[in-house]
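Asks: Start from the sequences, fold in the hints, and give me the full structure.
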Amino acid sequence: MSKRAVMLAAIVSVILSAGPGVAKDKEYKWGAIAVDLEKPDQDPYYGIGGGNTEDEAKESSLQFCRDAGGKACKPVVAYQECGAYAASRKNGGWGINTTQKTAEAKALSGCDDDSCKIVVSDCN
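Numbering of the sequence shown is given in my numbering, commencing with residue 1 and proceeding in unit increments.
Hints may be right or wrong, so weigh each one.
[Said to hold, decoys possible] Computed list of lysine to any residue pairs in SDA-like fashion (alpha-carbon distance at most 25 angstroms, straight line):
1. Lys71 / Gly51
2. Lys90 / Leu37
3. Lys117 / Thr102
4. Lys71 / Glu38
In short, the hints are calculated from the structure, not lab data.
Replies: Right, dumping it as structure tokens:
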């Protein structure tokens, strides 16, 4: 199973475990993205997590990153609205904002490499 399929399955599992009619933004105050940057020559493993505190969200994102196959996962961004992570083979950058589009633009700007692309983005 690809790492993207594992990540999608993990996200669906979290959403389904919340119960019917429970929206993510009502359940979690914080979101976080963790990334395994150990092998910069390949697409990174990552996890998106949520929690009522920043620490809970970071821990959740670490677990999802590990579940996706990451061995050296580290939280790269925590957010209360939207967060994004961009990377190239050389650099990485993150962004937070009230909109996903602006968070992604900030991540690309922070990456500071013309070959950067959005790896993952999320909004609460």
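Asks: None of the hints should be skipped; say for each whether it holds.
Replies: A quick look at each hint next to the structure:
1. Lys71 / Gly51: Satisfied, since the Cα-Cα distance of roughly 22 angstroms is no more than 25 angstroms.
2. Lys90 / Leu37: Cα-Cα ~11 angstroms, so holds.
3. Lys117 / Thr102: With a Cα-Cα distance of about 14 angstroms, the restraint between Lys117 and Thr102 holds, given a limit of 25 angstroms.
4. Lys71 / Glu38: holds, 8 angstroms
Going down the numbered hints, you'll see the structure goes against none, and every one checks out.
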